[in-house]
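Can you build the whole structure from these sequences, using the hints too?
2 protein chains.
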Amino acid sequence: MPARQVLLLSSSKVHGYEYLEYAKDDINNLFKKNNVSTILFVPYALKDYDGYLRQVEEVFAKWGYKVNGIHKGNPVEAAEKAEAFFVGGGNTFQLLKELYDNKVLQVIRKRVLNDGIPYLGSSAGTNVATKSIHTTNDMPIVYPPSFEAIALVPFNINPHYQDPDPDSTHKGETREERILQFQEVSGAGPVLGLREGCTLLIEGDKITLKGLHKSRLFIPGKEPQEFDVGADLSFLLNV
Amino acid sequence: MPARQVLLLSSSKVHGYEYLEYAKDDINNLFKKNNVSTILFVPYALKDYDGYLRQVEEVFAKWGYKVNGIHKGNPVEAAEKAEAFFVGGGNTFQLLKELYDNKVLQVIRKRVLNDGIPYLGSSAGTNVATKSIHTTNDMPIVYPPSFEAIALVPFNINPHYQDPDPDSTHKGETREERILQFQEVSGAGPVLGLREGCTLLIEGDKITLKGLHKSRLFIPGKEPQEFDVGADLSFLLNV
Ligand SMILES: [Ca+2]
Ligand SMILES: [Ca+2]
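As given, the protein sequences belong to chains U and E, one line each in that order.
Counting from 89, one number per residue, gives the positions in the first sequence under our numbering.
Counting from 89, one number per residue, gives the positions in the second sequence under our numbering.
Worth flagging that the hints you see were computed from the coordinates, not collected in a lab.
It is possible that part of the hints are untrue.
No farther apart than 30 Å at their CA atoms in a straight line, the calculated lysine-lysine pairs in the DSSO-like style are these [to be verified]:
no.	chain 1	residue 1	chain 2	residue 2
1	E	154	U	259
2	E	259	U	150
3	E	191	U	185
4	E	120	E	154
Just the calculated beta-carbon pair ranges, DEER-fashion [said to hold, decoys possible]:
no.	chain 1	residue 1	chain 2	residue 2	range
5	U	231	E	262	21 to 29 Å
6	U	135	E	327	17 to 25 Å
7	U	143	E	316	38 to 46 Å
8	E	274	U	302	35 to 43 Å
9	U	308	E	188	23 to 31 Å
10	E	291	U	273	35 to 43 Å
11	U	250	E	105	22 to 30 Å
12	U	302	E	117	45 to 53 Å
13	E	322	U	188	37 to 45 Å
14	U	152	E	327	49 to 57 Å
15	E	117	U	135	38 to 46 Å
16	U	160	E	275	22 to 30 Å
17	E	242	U	322	29 to 37 Å
Residues on chain E that point at chain U, a partial pick, calculated with CB under 8 Å [claimed, not checked]:
no.	residue
18	99
19	102
20	103
21	194
22	221
23	229
24	231
25	254
26	259
27	262
28	266
29	272
30	273
Ideal Cβ placement from N, Cα and C applies to all residues, glycine included.
Next comes the structure, spelled out in structure tokens:
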């Protein structure tokens, strides 16, 4: 069984960088070492699939890759043949619902875990790559048939993780409070809070923090813990 | 058919006020004119039902009301006999799931719409009083059997509504962007953005904005519009 090759970005946009630019080296490493020339793009998280595809094509063309949209033909056939997946951000509920409705969720899972096809996810595309979408920040604009997701990793991620603003007078829950509420639910496991600019690289059973900033890990019953760029988080496969 | 009597708060806590204090007069008006002496409290949005009940009891005791917890006996019987409902905030997904699991959602709907039993909701308790929970800000920590809610009104509310922060470098969607994404979904209707400190009073077919601040109304296909405290929003029953 080939090793899984997964790169999960907290976000595609980071303050001060162009679209995907902050993660360019890690994205290129992922695709180059797998000899990828064409990427299958999954635009389901936004409404305008063609517009989203054009935006992504433009960036990847500069970097030397061709991009196909999964919505342009039979999605299952496209997923079965893909050399690499990129699942973009937008609304996580809409994305997950479309993955189910188009019957590609299990196909993507199988191709990444069994065939070693590289998977790049950003924001909502990171949420759906984890165990479930229980820790998305998005508004539940549509009702998916389940919150269970592609499960390329057996834990949860909170993308766009934000620290509490000490000056805020707002009374809505902080991000940390929301994650801790989730972890009161029976069966809830670890949640990795990926700040914007943070990414997670999974190569087989090795998990490494990448990107620009520290990340914050929540394990039920433990104090939240900060991990530096470069930290080995492989233990999350066995928590 | 008696007129529905519903008061929906954006939040229970507002900066500079004690719990529920900013809405004390409107809450008292609602309960006094309906000769309420005992309130049935629904604590399902938080995990610690008894602790939540004690907090609410303490406040309402000062104002001269007795409070019962719906979780203390048979929930359906309690809802059938209630003089008034208060559904508190916390996590909207958990609240809605418990309303379904305890089979009280339709009972509350019937008692408010048919019997004129007053309903006070705050935050998550406001979300579940509307058409659906599609416009909650909460994290989807549990999977409810549906996003359809009690539907005391035929539109959606976004509680804790926040204006974009012009100084923010964060790349997650603004609240307005999230609401507009929802309204791209076919069948989505009006969404009232209730800032913290804003409340909505529904008396039969009359809807009035109350509280401390303006509110922002999103109607699909129209520019968002601001409404002052005191504005008549009864037209939302027919949009
Ligand atoms: Ca998003
Ligand atoms: Ca909440």
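Hints, verified against the model:
For the suggested pair residue 154 of chain E and residue 259 of chain U, the alpha carbons sit about 27 Å apart, so the restraint of at most 30 Å is met. For the proposed pair residue 259 of chain E and residue 150 of chain U, the alpha carbon gap of about 23 Å is at most 30 Å, so the pair holds. Between residue 191 of chain E and residue 185 of chain U the alpha-carbon distance is near 27 Å, which keeps this suggested pair within the 30 Å criterion. As the CA atoms of residue 120 of chain E and residue 154 of chain E are separated by approximately 13 Å, the hinted pair is consistent with the 30 Å bound.
Distance hint check: the CB atoms of residue 231 of chain U and residue 262 of chain E are about 23 Å apart, consistent with the given range 21 to 29 Å. Judged by the Cβ atoms, the range 17 to 25 Å given for residue 135 of chain U and residue 327 of chain E holds: they are separated by roughly 22 Å. Judged by the Cβ atoms, the range 38 to 46 Å given for residue 143 of chain U and residue 316 of chain E holds: they are separated by roughly 40 Å. Checked against the given bound of 35 to 43 Å, the beta carbons of residue 274 of chain E and residue 302 of chain U, roughly 42 Å apart, stay inside it.
Distance hint for residue 308 of chain U and residue 188 of chain E: a CB-CB separation of about 25 Å, consistent with the stated range 23 to 31 Å. In this structure, residue 291 of chain E and residue 273 of chain U meet the distance hint of 35 to 43 Å, their C-beta atoms being roughly 38 Å apart. Checking the proposed 22 to 30 Å range against residue 250 of chain U and residue 105 of chain E shows it holds: the Cβ atoms sit about 25 Å from each other. Between residue 302 of chain U and residue 117 of chain E the beta carbons are some 50 Å apart, a value that agrees with the proposed interval 45 to 53 Å.
For residue 322 of chain E paired with residue 188 of chain U, a C-beta distance near 40 Å keeps the hint of 37 to 45 Å intact. A C-beta distance of roughly 51 Å is found between residue 152 of chain U and residue 327 of chain E, which places it inside the suggested range of 49 to 57 Å. Against the hinted window of 38 to 46 Å, the Cβ-Cβ separation of residue 117 of chain E and residue 135 of chain U comes to about 43 Å, which satisfies the hint. Between residue 160 of chain U and residue 275 of chain E the Cβ separation comes to about 27 Å, which falls inside the hinted range of 22 to 30 Å.
Residue 242 of chain E and residue 322 of chain U have their C-beta atoms about 51 Å apart, which leaves the hinted 29 to 37 Å range violated. Given hint, residue 99 of chain E at the interface with chain U, holds; its Cβ is 5 Å from that chain's nearest Cβ, closer than 8 Å. Taking 8 Å as the C-beta cut-off, the interface hint given for residue 102 of chain E holds, the closest approach to chain U being about 7 Å. Interface restraint check for residue 103 of chain E: the shortest CB-CB distance to chain U comes to about 4 Å, inside 8 Å, so the restraint holds.
Residue-level restraint check for residue 194 of chain E is violated (minimum Cβ-Cβ distance to chain U is 19 Å; threshold 8 Å). Because the smallest distance between the Cβ of residue 221 of chain E and any Cβ of chain U comes to about 7 Å, under 8 Å, the interface hint for this residue holds. Taken as an interface hint, residue 229 of chain E checks out: its beta carbon lies about 4 Å from the nearest beta carbon of chain U, inside 8 Å. Here the hint on residue 231 of chain E is kept, as its CB sits about 5 Å from the closest CB of chain U, short of 8 Å.
Among the interface hints, the one on residue 254 of chain E is violated; its C-beta lies about 14 Å from the nearest C-beta in chain U, farther than the 8 Å criterion. Hint status for residue 259 of chain E: holds, given a least beta-carbon distance of 4 Å to chain U, under 8 Å. The interface hint given for residue 262 of chain E is violated, since its Cβ lies 11 Å from the closest Cβ of chain U, which is over the 8 Å cut-off. The criterion of a C-beta within 8 Å of any C-beta in chain U is met by residue 266 of chain E, whose closest approach is roughly 4 Å, and the hint holds.
Restraint check, residue 272 of chain E versus chain U: the minimum CB separation of about 5 Å is within 8 Å; hint holds. Here the hint on residue 273 of chain E is kept, as its CB sits about 5 Å from the closest CB of chain U, short of 8 Å.
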